[in-house]
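*Asks:* For the protein sequence lines, the chains are A, B and C, in the order given.
Residues in the first sequence are numbered consecutively from 1, following this note's numbering.
Residues in the second sequence are numbered consecutively from 1, following this note's numbering.
Residues in the third sequence are numbered consecutively from 1, following this note's numbering.
No lab work stands behind these hints: they were computed from the structure.
Errors might be hidden in some of the hints.
[What the hints assert, rightly or not] For the chain C half of the interface with chain A, some residues (derived, Cβ under 7 Å), not all of them: (1) L46; (2) L47; (3) L49; (4) E51; (5) F52; (6) V55; (7) L59; (8) G63; (9) V132; (10) Q134.
No residue lacks a Cβ here, since even glycine has one placed at the ideal position from N, Cα and C.
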Amino acid sequence: MTLDLIKDILLATVPLLIIFPTMFALTTWVERKALARIQNRIGPNKVGVPLTPYGGKLSLFGLGQPAADGIKMLFKENIVPTGADRLFHFLAPILSLIPSMLVLCFLPLDFPWLNGEQNSVKAFMLDGAVIFFFAITGLNTLAVFMAGWASRNKYSLLGGMRAIAQMVSYEIPLVLSAVVVVMIVGSLNADNIAKAQEGWNWFVFQPWGLAAFVIFFIGALAETNRSPFDLPEAESEIIAGYFTEYSGFKFALFFLGEYIAMFAISGLAVTLFLGAGAGPGVESLSWLKIFWFLTKVCILIGVMIWLRGTLPRLRVDQLMGFAWKFLLPLSILNIFVAGFAWHIKDANKETATSVVVWIASIIILYAAAKGLDRVNRAKVKPRTYQYGE
Amino acid sequence: MTLALHHCLILAAVLFCIGLLGAFSRRNAIVVLFSVEIMLNAANLNFIAFWRYGTNPELLHGPLFTLFTIAVAAAEVAVGLALVIAVYRHFRSVDLESLDTLKE
Amino acid sequence: MNEVTAFWMLAAISVLGALIAVRKRNLVHGVFALLVFFVGLAGLFLLLLAEFIAVVQILVYAGAVGILILFAIMLTDRVTGRDAFRVTSRGSFWGALISLAVFLVILLPTIQDIPTIENPTPKETIVETSTVKQLGIHLIKPYIITIEILALLLTAALVGAVTAAQGGRASENEENNK
């Protein structure tokens with residue numbers, strides 16, 4: 001019985017522990033390449049696989065770079081500042097990795113070899129999986145603060161406080177936009193949410209789903225400290241923020257934790273709005289479910305990289321204003337719109353009505369966004385430029 | 001030996017008294033707030049334990065009361081910390097023994 | 001690993017967390033010990049099959065309350081978070097004595113009643129009746145007034161906290177004059 005339990009646990013966790021770190025290694029390479037292309041550079045293209053001990057190698061567009069980086073990180077010196085709180089300085093990177101790894105098991109990745117077994121470990125079958133996800137993601141904030149505080153460095157502490165303020169503020173629109181989906185499905189169970197979107201009934205194709213998806217994605221960017229919301233680690237202002245004093249393997253752990261958190265939150269976005277594993281050919285081949293899920297996650301990661309290369313960083317006051325004065329009212333309005341749209345559709349199932357409801361909701365949400373934008377911008381005067389004559 | 005009601009009750013009593021000890025023996029206002037939180041949580045553990053091992057679990061009294069307690073505790077922490085900050089602004093200290101101006 | 005082992009481990013974690021939180025000189029260390037206590041208690045709730053309460057415990061206490069306390073420490077104490085040179089208050093001995101007495105008083109009926117309360121409902125019944133859906137139905141049907149009052153209380157607390165922490169214009173002028 002115990003052996004079966006161990007087998008179940010291994011079957012459920014090992015794939016996650018293989019898939020996501022591999023994706024992390026590849027993503028670092030893709031990100032460096034893509035950013036380089038956006039900035040008109042070439043990016044890493046030298047490191048490859050050595051063929052013989054005497055030279056000659058397969059360069060493969062620099063695909064060996066992640067491995068080389070990993071080896072470099074492992075062998076770098078571990079520096080702890082004199083004034084630092086040693087225990088917390090040691091614990092913070094671990095604490096930042098644990099929640100991100102933990103939430104991966106709430107994603108509805110149903111590995112087909114587990115299907116036949118009754119007792120397989122499936123955390124996403126938990127009754128409150130979505131809330132569990134948010135609760136555990138919230139613990140990431142504490143790790144960031146711990147790192148910033150333990151380093152005993154002004155820039156680290158500033159970065160840590162910035163991270164707390166940002167993550168707490170953006171968690172609210174994030175959760176409120178997920179509430180819409182939970183409300184429509186009537187369940188917090190990730191599996192039920194995935195089942196409700198089978199075929200092409202993805203929630204992103206609903207007007208409220210589209211709005212919620214956009215809000216969720218912005219919130220996710222801020223929650224994982226991705227550009228344009230990377231103020232906690234803004235190089236030009238506070239060196240590297242909360243991991244200024246981290247080097248070597250501890251830094252690598254932070255890095256890994258950040259990317260795994262990106263995958264996890266993209267996975268949740270896919271679950272809530274993009275139909276989880278739904279896609280062509282799923283009925284005949286159950287492996288395609290996992291393939292489609294991971295493909296969608298990769299597309300979202302690609303969008304994140306693209307945004308990083310395109311958008312400039314926000315100012316602190318803009319960041320807070322955007323969360324509280326724009327995203328929060330809009331996500332609350334979105335809940336009302338979703339409720340009305342769903343009730344009208346439920347009462348009247350004709351296609352014409354649903355099209356009218358679709359257009360009306362989009363117009364309401366767009367008008368609200370425009371109005372909020374105008375209210376928030378009212379005080380900013382257009383900048384006047386002076387040129388040397 | 002299975003888990004029974006009295007295990008949880010004894011644990012809750014221990015936790016409650018740790019909270020009480022903290023509230024009585026520390027000078028820092030923030031630590032006193034911690035201690036109050038610990039006591040509230042011990043009470044929550046009792047609610048859940050009585051629900052789990054009591055007679056009518058389908059009425060869900062335990063979880064519901066715990067939910068209410070958590071909400072009230074959250075409000076209490078918010079107001080309490082705001083008061084601590086207000087006191088700090090006035091006295092430049094959060095030491096409870098230095099807040100004795102009414103004696104004079 | 002059976003239930004009792006898990007219970008003892010979680011109990012040890014939460015008692016240690018609470019003790020360190022209460023006794024630690026360094027406030028920031030204290031907050032993190034408090035968070036360990038909250039998470040340990042969430043584990044106990046999970047063990048007692050109150051799954052939703054465990055989530056709420058992590059979400060509200062470990063997530064929100066912990067960060068709120070950290071903010072308060074950062075705003076009041078020095079950045080290092082060190083407590084004053086003397087940690088304990090006057091008469092802390094009597095405090096310890098009183099809490100010990102209270103502990104014994106609470107413990108007495110518990111120990112006396114051990115043989116009488118031994119009728120646990122089977123796990124399956126509990127799991128079936130305590131889903132999030134059931135909780136929601138109970139909250140909306142019999143407890144609707146309570147939840148409305150709670151909403152009112154939370155709003156009042158929000159407004160009150162903002163006004164108290166903001167400090168009003170008068171005190172700010174006072175500070176500027178000094």
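*Asks:* Compare the structure with each hint and give your call.
*Replies:* Hints, verified against the model:
1. L46: 10 Å, violated
2. L47: Status violated, d = 15 Å.
3. L49: Since the shortest Cβ distance to chain A is 11 Å, the answer is violated.
4. E51: Check passed: Cβ of E51/C comes within 6 Å of chain A, closer than 7 Å.
5. F52: 5 Å, holds
6. V55: 5 Å, holds
7. L59: 4 Å, holds
8. G63: Hint holds; G63/C Cβ to chain A Cβ min 4 Å, cut 7 Å.
9. V132: 5 Å, holds
10. Q134: 10 Å, violated
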